[in-house]
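From first to last, the protein sequence lines are chains W and B. Every number in the working numbering is 260 more than the matching position in the first sequence, counting from 1. Every number in the working numbering is 1055 more than the matching position in the second sequence, counting from 1.
Derived by calculation from the structure, the hints in this document are not laboratory data. For every residue, glycine included, the Cβ atom is placed at its ideal position computed from N, Cα and C. Treat the hints with caution; some may be incorrect.
[To be verified] Straight-line Cα separation of at most 25 Å, DMTMM-like style, residue types lysine to aspartate or glutamate; simulated pairs: (1) W:K336 - B:E1137; (2) W:K595 - B:E1199; (3) W:K414 - B:E1135; (4) W:K414 - W:E497; (5) W:K336 - B:E1135; (6) W:K294 - W:E497; (7) W:K273 - W:D455; (8) W:K273 - W:D385; (9) W:K336 - B:E1136; (10) W:K414 - B:E1136; (11) W:K414 - W:E544; (12) W:K294 - W:D319; (13) W:K326 - W:E497.
[As the list claims (entries may be wrong)] Here are the in silico distance ranges between beta carbons for each label pair: (14) W:P599 - B:L1215: 19 to 25 Å; (15) W:P616 - B:G1187: 39 to 45 Å; (16) W:N301 - B:G1187: 35 to 41 Å; (17) B:R1140 - W:K322: 53 to 59 Å; (18) W:N333 - B:R1217: 17 to 23 Å; (19) W:M344 - B:H1081: 16 to 22 Å; (20) W:P616 - B:A1167: 52 to 58 Å; (21) W:N333 - B:M1160: 44 to 50 Å; (22) B:I1064 - W:N301: 55 to 61 Å.
Chain by chain, the residues run as shown.
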Amino acid sequence: MNLTQYIVFAVIKIALLLFILLTAVAYIVLMERKVIARMQNRWGPNRVGPFGLLQPLADGIKFILKEDIVPDNVYKPLYIAAPMIALVLSLLSISLIPFGGAWNVGGYHVPLETTAFWTGTGIQDINIGLLIILGITSIGVYGVALSGWSSNSKYSLLGSLRASAQLISYELALGLSLVGVLLLAGSLSLRQIVDAQAGSILRWNFFGGFQFIAFFIYIMAAYAETNRIPFDLPEAETELVAGYHTEYSAMKFAMFFMAEYCNMVTVGCLATLLFFGGWHSPLEGLNIPVPGIWLVISPLFWFFIKVFFFIFLYIWIRGTLPRFRYDQLMAFGWKFLLPLAIANIVVTSLVLALRP
Amino acid sequence: MLHTILFLIFGGICVAGALNFLLQRHPVNSALSLIVVMGSLALLFLLLGAEFVAAVQVIVYAGAVMVLFVFVIMLLNAGEEERTRGNKVALSLGVPGLVVFFGLMCWTLSAAHSQLGRLQIGDYYVPTTDLGIALFREFLLPFEVTSVLILIAIMGAVVLARREQQ
Chain W
261 MNLTQYIVFA VIKIALLLFI LLTAVAYIVL MERKVIARMQ NRWGPNRVGP FGLLQPLADG
321 IKFILKEDIV PDNVYKPLYI AAPMIALVLS LLSISLIPFG GAWNVGGYHV PLETTAFWTG
381 TGIQDINIGL LIILGITSIG VYGVALSGWS SNSKYSLLGS LRASAQLISY ELALGLSLVG
441 VLLLAGSLSL RQIVDAQAGS ILRWNFFGGF QFIAFFIYIM AAYAETNRIP FDLPEAETEL
501 VAGYHTEYSA MKFAMFFMAE YCNMVTVGCL ATLLFFGGWH SPLEGLNIPV PGIWLVISPL
561 FWFFIKVFFF IFLYIWIRGT LPRFRYDQLM AFGWKFLLPL AIANIVVTSL VLALRP
Chain B
1056 MLHTILFLIF GGICVAGALN FLLQRHPVNS ALSLIVVMGS LALLFLLLGA EFVAAVQVIV
1116 YAGAVMVLFV FVIMLLNAGE EERTRGNKVA LSLGVPGLVV FFGLMCWTLS AAHSQLGRLQ
1176 IGDYYVPTTD LGIALFREFL LPFEVTSVLI LIAIMGAVVL ARREQQ
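Based on the provided sequences and hints, a complete structural model is requested.
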């Protein structure tokens, strides 16, 4: 493989990822509206196209055609940059996710992730992928924080203050909850973490690795990081109008929206990779005879089924739980999740050290 | 070759960010240029093959410390700072001092230039496992002492914050 082929593969992967991800985001929004509606005993959007399936298209046209209002007293450079920062960082972090093993395309070994190195002879994945994703998540605060500050509105400012404090607090629990998985896999590479869980469902970190406490810490901290119910205080609509994006309209608002849903997809992907065996089938090791073509599709199928479940979980929880009070949120993060995460590290490393 | 080009790019961004940090009048702009400095420092670490240090630089400094800075600036709603005409003592001592410092640095580097080797990407690659083994075997005591130091600093901050409340 030479440099030209590497660049061609990279461009194809970027285009595919953008197309699939943005379509998925549009339809996740539709799914959320439909599922929430059914949970509340109503129909949800069903007028545009059959079953409302063209609703995302109509929403997209509305976002593009709407007047892009920039309020008078905003600090313009940051007001315009903030939604871009949010969207770019969320796309960056999802580009590091391996969506399956590797494919052989025309004799070339192509790993199924968008960001990968060119070693001079082939494509190699990044071996500190998890750390880079954590780094990008920790910078992701700036999109929210700067948008609220530059909007020059008290609701936005309060929203962004809440967001920065919340994101810093929950990042600790998020990072520490992953240490158990790292200890089990002995690597920071997402691909190697998944490979360590291959073989059977009992080798998945959630079951065989006894990381279910870490998983629940991770999922709660990640919900706080993505500003979703029950942690959606930065945009609490009953208190702050819409929080940090109150003053945004049209495409700039849509960028925040897309960033939030991309982050949801990333969280689902990471939960799948780290705790639920990634693209490995739960039926592995049972020796069920399958047709050859299934072996090619199977990794992608299982990966997307698992990610779909996590996205459904987001919606399910949104339909179920009320919002935290702010002091409860802080106490929950610092006094419950953080000590629990540290205890999980201690127990996991003790078991690993004492195991023969 | 590539190493030199990348070093010049990120070193340049780093210095430009640091200068912008001093020249900007609004604290938020200064804080943002400091984030740029942190980010380009992380990339310089990465160029030297220290991938873990680079990631931690982004997570801790660009992510956590600077978010706190921005948080405080937003919370206090700090306005634009005023410009003065400068301190005459600082000007008369600082400029010659700066010239002497840069002259000394250039002289030392050019004197040692013949003994310095060439660096290429991947020459000093340190995997995270090696770093962990070094930290927890050879440098265990300094590592633990540093963590105790940070713990004391945290406790000091808590004590100070409590006293103010009463």
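Going down the list of hints, with the structure as the test:
no. : hint                         : verdict
1   : W:K336 - B:E1137             : 21 Å, holds
2   : W:K595 - B:E1199             : 24 Å, holds
3   : W:K414 - B:E1135             : 19 Å, holds
4   : W:K414 - W:E497              : 14 Å, holds
5   : W:K336 - B:E1135             : 16 Å, holds
6   : W:K294 - W:E497              : 20 Å, holds
7   : W:K273 - W:D455              : 22 Å, holds
8   : W:K273 - W:D385              : 14 Å, holds
9   : W:K336 - B:E1136             : 19 Å, holds
10  : W:K414 - B:E1136             : 22 Å, holds
11  : W:K414 - W:E544              : 54 Å, violated
12  : W:K294 - W:D319              : 15 Å, holds
13  : W:K326 - W:E497              : 22 Å, holds
14  : W:P599 - B:L1215: 19 to 25 Å : 24 Å, holds
15  : W:P616 - B:G1187: 39 to 45 Å : 23 Å, violated
16  : W:N301 - B:G1187: 35 to 41 Å : 54 Å, violated
17  : B:R1140 - W:K322: 53 to 59 Å : 54 Å, holds
18  : W:N333 - B:R1217: 17 to 23 Å : 39 Å, violated
19  : W:M344 - B:H1081: 16 to 22 Å : 20 Å, holds
20  : W:P616 - B:A1167: 52 to 58 Å : 53 Å, holds
21  : W:N333 - B:M1160: 44 to 50 Å : 46 Å, holds
22  : B:I1064 - W:N301: 55 to 61 Å : 58 Å, holds
Checked against the numbered hints above, the structure breaks hints 11, 15, 16 and 18 and satisfies the rest.
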